[in-house]
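Novice: Single-letter residue listing:
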Amino acid sequence: MEKKKILIIEDDLVLQRALSDYLSSEEFEIGCAGDGEAGVRMALENKPDLILLDIVLPKKDGYAVLTEVRANAITKHVPIVLLTNLGSISDVEKALELGATTYLVKSDYKLEEITAKIKEILNIK
Amino acid sequence: MLTKRIYDEFNLKKQADDLGVSVWQTPSFLFIVMGLVIIAAMTGIYVASTHYDSPEVVIISESLVVILLFTIGNSIIRTVEEVAKANKMKTEFVSIASHQLKTPISEMKWQTELLLAKFSTGLSERQAEIVKEISHSGEKMGRLVNDLLDVARIDQGQLALAKEEVNFCDLMNDVVESQKVFAKSLNVELVSSCTVKHLKVFVDKRRFSVVLDNLISNAIKYIDGSGRVDVLVENNDGFVQVCVRDNGVGIPKNDQENICKKFFRSNNSIKNETDGTGLGLYIAKNIVEQSGGKIWFKSIENVGSEFYFSVPVVDGNKK
Chain A
22 MEKKKILIIE DDLVLQRALS DYLSSEEFEI GCAGDGEAGV RMALENKPDL ILLDIVLPKK
82 DGYAVLTEVR ANAITKHVPI VLLTNLGSIS DVEKALELGA TTYLVKSDYK LEEITAKIKE
142 ILNIK
Chain B
50 MLTKRIYDEF NLKKQADDLG VSVWQTPSFL FIVMGLVIIA AMTGIYVAST HYDSPEVVII
110 SESLVVILLF TIGNSIIRTV EEVAKANKMK TEFVSIASHQ LKTPISEMKW QTELLLAKFS
170 TGLSERQAEI VKEISHSGEK MGRLVNDLLD VARIDQGQLA LAKEEVNFCD LMNDVVESQK
230 VFAKSLNVEL VSSCTVKHLK VFVDKRRFSV VLDNLISNAI KYIDGSGRVD VLVENNDGFV
290 QVCVRDNGVG IPKNDQENIC KKFFRSNNSI KNETDGTGLG LYIAKNIVEQ SGGKIWFKSI
350 ENVGSEFYFS VPVVDGNKK
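Taken in order, these protein sequences are the chains called A and B. First residue of the first sequence? That's 22 in my numbering, and the numbers climb one at a time after it. First residue of the second sequence? That's 50 in my numbering, and the numbers climb one at a time after it.
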């Protein structure tokens, strides 16, 4: 079976690498972007099966990335999981309104739980 | 009781320490000064009006009194403003600092998890144990930061609850199940019962899990040696009533009125052997009250405690 492609848009390199290493070992193909602009570019070029997106990002924040990715026909239906440490209800509502599939608070979730969520969204058993 | 309250009201040193201001800035001191000034002013005007017939003198003395009262009143308002501002800044500081701590905590948690789950080849048993301990510390820190953020939100009046319809017994069973390992490790038998099967409540599911989790883990922690914790849920006249009962060390009588206050930890016999920040019950009380319920308890030292809370049942007819 072909590996599913996941794009991680995260500026904290420690978190980016931990996610990337963990998910690689779970048979996903991983792409990483360290800022919002690179994130949008890579999303359009590679058309990932799922995007993990931080909100606080250099050059272009997560909300802007979300809006652009959703506005483009190529990536319109790609599931987007917001991974952030902002956690107020208004942040969640804004993200969901803009079309995020779901919203996870980084410090509350283990890599294992994030992986389970990704598999659930992509229908992988 | 009343004499103690009056004494506390006029204990200027204690008030100044509590508020973090100097004695002459405490509200009680300013209140006394204000009272004395008013008495002096009235006497002054009376004396002026009996000794001088001239209306100019009376007008001038009255004007002076008004200016004096205005100045003192203004200084009182300033002090209150400063105290309120300092309080707001403190809450904002806690909120910002907690948010900033979340990133390093996430890094620590994910790195240790990655190490244990994917790169553990070659680690000795002791090394793996050490990494697990670090991972537990990370989780503890994460919980503490979440608690501090909740307290800051409560103090700012911004603790928003994402309420939804929840089957209360399901929620309770999930929490009890997750606490069973912890109870067993401390030799405590954890028993739960839900007398009514379909109790629907309108609450924030995640936060109510935290409330129950706090009450149950407190009950388990404060048992010295082996013991038993019962969690009972029943429908009490339109309210879901939950009782968490333990046969633990109990709460000393003197501490009981402070038990739901921020950062308060009871001086019971095993305080120093148990983890705790004194925030759990404060947060629980606020969440329950914001959901239209109430929280209360009964406790006898060295016999045990019963913590209760209740929230309204969703009324099918009103939907």
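Everything labelled a hint here was simulated from the structure, so no lab data went into it. There's no promise every hint is true.
As the list claims (entries may be wrong) - The calculated DSS-like cross-link candidates involving lysine-lysine, where the alpha carbons are at most 30 Å apart (straight line), are:
1) A:Lys115 / B:Lys139
2) A:Lys115 / B:Lys63
3) B:Lys139 / B:Lys63
4) B:Lys134 / A:Lys140
5) B:Lys53 / A:Lys138
6) B:Lys53 / B:Lys343
As the list claims (entries may be wrong) - Short derived list, chain B residues pointing at chain A, Cβ under 7 Å:
7) Ser147
8) Lys151
9) Glu162
10) Leu163
Cβ atoms here follow ideal geometry from the backbone N, Cα and C, with glycine treated the same way.
Novice: If a hint holds in the structure, say so; if it does not, say that too.
Specialist: Hint by hint, here is what the structure shows:
no. : hint                : in the structure
1   : A:Lys115 / B:Lys139 : holds (28 Å)
2   : A:Lys115 / B:Lys63  : violated (46 Å)
3   : B:Lys139 / B:Lys63  : holds (20 Å)
4   : B:Lys134 / A:Lys140 : violated (48 Å)
5   : B:Lys53 / A:Lys138  : violated (57 Å)
6   : B:Lys53 / B:Lys343  : holds (28 Å)
7   : Ser147              : violated (10 Å)
8   : Lys151              : holds (4 Å)
9   : Glu162              : holds (5 Å)
10  : Leu163              : holds (5 Å)
In summary, the numbered hints that this structure violates are 2, 4, 5 and 7.
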